[in-house]
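K.L.:
Sequence:
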Amino acid sequence: MIRVTRRYRFSSSHRLHANRLSDAENASLYGKCNNPYGHGHDYEIEISARGPLEPRSGRAVDPAALDRLVEEQVLRTFDHTYLNSESAIFQELVPTTENLARAVYTRLQASWNSVFPGPWPVLDKVRIAETPRNIFEVSENDG
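The opening residue of the sequence shown carries number 1 in this note's numbering; numbering runs sequentially from there.
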């Protein structure tokens, strides 16, 4: 098996705020990330897929096909958005990067077979760096 990882970047803003909590509870739980005006990140995302080498091409994953899928399902959806109001999924969920990683994984997985119809490759992992110190991963067993 070969694991192939491609990197992408996108920028989004968010406010960490749980509607079911009081303003005081949100301020205590999320601190400066609960700023009413939100804040932004330049996310670096890594998408990993794995599979055997395809004999004709010598590759495990068609990178152009993966790029198209990520563009359609991730970058067009989340790049330059205010996640709290411009993304349907975050109308209910707090737009933490943990939830963002899971949302990205779920979106890719839902469309995966239309781009990669055979048994291989499989979506292996989504990794999002929010900051140099905050990195979040969702793998095929966590999705």
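Since the hints were made in silico from the structure, they are not lab data.
Because the structure is a prediction, the values reported are computed rather than measured.
Note that beta-carbon positions come from the ideal geometry of N, C-alpha and C, so glycine has one too.
It is possible that part of the hints are untrue.
[Said to hold, decoys possible] Ranges of calculated distance between the beta carbons of each label pair, as one might list FRET restraints:
{"id": "1", "residue 1": "37", "residue 2": "2", "range": "18 to 24 Å"}
{"id": "2", "residue 1": "79", "residue 2": "32", "range": "21 to 27 Å"}
{"id": "3", "residue 1": "52", "residue 2": "80", "range": "33 to 39 Å"}
{"id": "4", "residue 1": "89", "residue 2": "23", "range": "21 to 27 Å"}
{"id": "5", "residue 1": "113", "residue 2": "82", "range": "39 to 45 Å"}
{"id": "6", "residue 1": "111", "residue 2": "36", "range": "19 to 25 Å"}
{"id": "7", "residue 1": "2", "residue 2": "40", "range": "17 to 23 Å"}
{"id": "8", "residue 1": "65", "residue 2": "29", "range": "36 to 42 Å"}
{"id": "9", "residue 1": "89", "residue 2": "135", "range": "35 to 41 Å"}
{"id": "10", "residue 1": "53", "residue 2": "19", "range": "44 to 50 Å"}
{"id": "11", "residue 1": "3", "residue 2": "85", "range": "33 to 39 Å"}
K.L.:
Look at each hint and say if it fits the structure.
P.N.:
Hint by hint, here is what the structure shows:
At roughly 45 Å, the beta carbons of residue 37 and residue 2 sit outside the given window of 18 to 24 Å. Between residue 79 and residue 32 the CB atoms are about 24 Å apart, so this pair conforms to the stated range of 21 to 27 Å. Restraint check, residue 52 to residue 80: a C-beta distance of roughly 37 Å satisfies the suggested window 33 to 39 Å. Hint check: residue 89 to residue 23, Cβ distance near 23 Å, so the stated range 21 to 27 Å holds.
The supplied range of 39 to 45 Å is broken by residue 113 and residue 82, whose beta-carbon atoms lie about 31 Å from each other. The given range of 19 to 25 Å is broken by residue 111 and residue 36, whose C-beta atoms sit roughly 35 Å from each other. Restraint check, residue 2 to residue 40: a C-beta distance of roughly 35 Å breaks the suggested window 17 to 23 Å. A beta carbon spacing of about 41 Å between residue 65 and residue 29 agrees with the range 36 to 42 Å that was offered as a hint.
Evaluation of the 35 to 41 Å hint for residue 89 and residue 135 yields a failure: the beta carbon distance comes to about 21 Å. For residue 53 and residue 19, the Cβ-Cβ distance of about 48 Å falls inside the hinted range of 44 to 50 Å, so the restraint holds. For residue 3 and residue 85, the Cβ-Cβ distance of about 36 Å falls inside the hinted range of 33 to 39 Å, so the restraint holds.
Figure legend: structure checked against the earlier numbered hints; hints not met, in rising order: 1, 5, 6, 7, 9.
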